[in-house]
Amino acid sequence: MKDIRLTAPFVLLAIILVLFVGAPIANIYGVQLLQDFSGLVKAATDPAVYQSIWLSVYASALAAFAAFFFGTPLAYILARKDFPGKNLVARIIDLPMVIPHIAAGIMLYGIFNRSGMVGGLVNNFLLFEDALPGIVVAMLFVSLPFYVNSAREGFESVDPRLEHVSRTLGQTPWRTFFKVSFPLASSHLLTGAILSWARGISEYAAVAIIAYYPKTAPVLIRDRFTSYGLTSSRPATLLLVTICLITFILLWSFAKSNESHWR
Amino acid sequence: MNPTGVKLEDLTKDLGEFRIENASLEAYKGDYFMILGPTGAGKTILLETIAGIRTPDDGRIIIGDRDVRNVPPEDRNIGFVYQDYALFPHLTTVENVLFGLEARNVPNPRAKAEEVIDLLNLPHLTDRYPRTLSGGESQKVAVARAIAYRPGVLLLDEPTAALDPQTKESVRAELGKLHEELEVTTLHVTHDQAEAKILGERIAIIMAGKLKQIGTVDDIFNKPIDRKVASFVGVENVLEGKVVKFANQVATIDVGNFQLKAITDVEQGPVYVYLRPEDIFISDQRQSTSARNTIPGTILSVSHLGQVYRVRVDNGLNCFVTKQSVDEFDLQQGKKIFAAFKATAVQVRLSHT
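Chain order of the listed sequences is A and B.
Under the numbering used here, read the first sequence as residues 1 to 263, first letter to last.
Under the numbering used here, read the second sequence as residues 264 to 616, first letter to last.
To be clear, the hints were calculated from the coordinates, so they are not data collected in a lab.
Where is the CB? At the ideal position from N, CA and C, for every residue including glycine.
Watch out, some of these pointers could steer you wrong.
Unchecked claim - Calculated lysine-lysine pairs in the DSSO-like style (CA-CA distance at most 30 Å, straight line): (1) K473/B <-> K81/A; (2) K586/B <-> K460/B; (3) K440/B <-> K524/B; (4) K505/B <-> K475/B; (5) K179/A <-> K375/B.
Unchecked claim - Example chain A residues on the side facing chain B (calculated, C-beta under 8 Å, incomplete): (6) R5; (7) D159; (8) L162; (9) H164; (10) G170; (11) V180; (12) P183; (13) L184; (14) W262.
Assemble the whole structure, with the sequences as input and the hints as a guide.
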C-alpha cells in the first residue's frame with residue numbers, strides 16, 4: 001500500500017463501515033450505562049428477561065448441535081464425493097439464506113403444527129407449536145447453511161491423500177474419518193457451529209411464527225419495543241448483546257487455540 | 264517381517280482423459296523394483312491402484328498369494344509413501360509412526376515406534392509436529408511410518424522428487440540401506456534415471472499409461488526396446504539397420520550412412536542399433552585404436568550441456584565430449600572429424616514387428 005492515492009479513499013471508506021457497525025453498539029452501552037443504569041439492573045433481575053435470554057442461548061445451542069449432527073455427514077459428502085445432482089443439493093441447503101425468514105416460519109408452521117405432516121405424526125409425544133422443539137426447528141432451518149458451508153470448506157481443506165495414507169496404514173474408513181478428516185476439519189466445524197448458533201440466537205421472524213411462547217429474547221425485546229418503546233426494550237437488548245459478545249469471544253479464542261499447536 | 268511378492272496381470276484403469284492399459288509386472292519377494300517413467304506417465308495412479316486407493320477396471324493384483332482386487336487398502340499389508348510425504352499435520356513424529364501400529368493392534372506399539380525412529384536416526388524429532396520438519400526429515404518420518412508395522416510391500420511414490428540434491432543422495436542411501444536390512448519388497452516410482460540405476464534391481468519403464476519394458480538395469484539402459492524408451496533413458500543414438508555379415512560373434516550392420524561392427528548374438532535381420540553418446544570418441548584424423556569402428560563425418564553443431572558438449576555429426580551420430588576435447592580438436596560446425604567406438608559399445612536388438 002504505497003500509493004496514497006488509492007490507499008486514502010479506501011481507508012476512509014473502511015473507517016465509515018467499521019463505525020457503522022461499531023457506533024450503534026458503543027451508543028447503546030453509553031446511553032444505558034450513563035443515563036439509565038438502574039433500568040439495566042432492573043432488567044437483569046427480571047426473571048422474564050433472563051429466562052428469555054437463557055432460552056435463546058439454550059435453544060440455539062440445541063439447533064447448532066442438530067446442525068452439527070446432521071450437517072457434518074452432508075458436508076463431508078459434498079466435499080469428497082461427486083454425484084449427479086450434487087450442485088442441486090448444495091443449492092437446496094443454501095435456500096434458507098435467500099428465503100425471507102417470515103416465509104420460512106410460515107412454511108415450517110405448515111408442516112410442524114399439530115396437524116401438519118410432521119407435527120401431526122408425533123403430536124402424541126412431541127409438540128412444536130409454542131414449545132421449545134418449535135423454536136429449535138425454526139433456528140435450525142435458518143442457521144443450517146452456515147454450518148454446512150463452513151464444514152464443507154473444512155473437509156475440502158483436508159488433503160484426500162491423508163485419508164488414503166490412513167487407509168494404507170490400516171485404519172478403516174470410519175476410523176480414518178474420526179482420526180484424520182474430523183480433527184483436521186475441526187476448527188472449521190467449530191466455526192460453523194458458532195456461526196450457526198449465533199444465527200439461531202438472533203432469529204426473530206421464523207421463531208415468532210411457530211412459537212411465540214415461550215418467549216425467546218428477540219421475541220421479548222420486540223414485544224417490549226412495540227408495547228413500551230425504546231427505553232423499555234434497551235436494557236434487555238444490551239444484556240443479550242453482552243452475553244453474545246462474551247460467548248463469541250470465548251468460543252473464537254478456543255477455536256483458534258485448538259489448532260495453533262500444530263498449524 | 265514377511266515380505267511378499269507383487270504381481271499385476273493386465274491391469275487396466277480408465278480415468279477418461281488418461282488410461283493405464285494392460286499393465287503386467289511381477290516384483291519378486293524382497294525385490295527392489297523401480298517403475299521409471301516421465302511425468303504424467305501414470306506412475307502414481309498405478310501405485311495407488313496397487314495400494315487399493317483406486318479400483319482397477321480390469322485385471323488382477325496379487326500381493327503374496329492373494330488376489331487383492333476386492334480387498335480394501337487397510338487389509339493389503341502395504342506401506343505407502345507419497346511424494347510430498349502426507350504426514351498427519353495434527354500429530355507429532357512419534358504419533359504419526361504410532362498411527363499404523365495402533366491401527367493394526369501391534370503389541371507394544373510405543374516400543375516398536377521408538378525402534379523404527381531409532382533405525383532412521385530421528386530420535387531428536389520424536390515430539391515435533393510436521394510443519395517444523397525439513398523436507399528430508401519429513402521424508403524419513405513418512406518412511407518410518409510406512410515400515411513401522413513391517414508391511415509385506417513398500418510402495419514409494421517419487422520419494423526424493425521434492426528434495427534438494429544433497430538430501431536426495433542421503434535419502435537414496437538410506438532407502439538402499441533400509442531395503443538391505445528389512446528385505447521388504449519395494450516398488451519405487453520415479454522419473455529420475457540416476458535413481459533407478461542406483462537403487463533398482465529390476466526396472467519397469469512406463470510411458471503414457473503403458474508398461475513398455477521390464478528388465479535389469481543393464482537391459483533398460485543399454486537395450487531399450489524402442490526409440491521412445493531409448494531417448495527417455497538417454498541413449499541418443501538409435502539407428503535402424505540390417506545385419507549384412509556375421510562371423511565369430513561380430514556382426515557387420517549396414518545403417519544406411521555407413522557400416523559398423525558390433526559384438527552381438529543377433530546373426531541376421533533388421534535391427535535397432537543403440538550407441539550411448541558418451542561411448543563415442545572424436546578425433547581430427549583417423550587413428551589406429553582398439554576401437555573397431557571409425558566413421559568419418561562433418562560436424563553439424565556443437566552445443567553446451569553443462570558438464571559436456573554434444574556434437575552432432577552428419578553421419579547421424581550424436582557424441583558427448585568434454586570441453587578439453589572441444590578446445591584441443593577445435594571442434595566446430597563444418598569441421599571434418601572421425602567418430603570412433605568399440606564394437607562392444609554397440610547394442611543390437613532385433614527390431615520387433
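**Request:** List in ascending order the numbers of the hints, as given earlier, that are violated by the structure.
**Result:** 3 and 6
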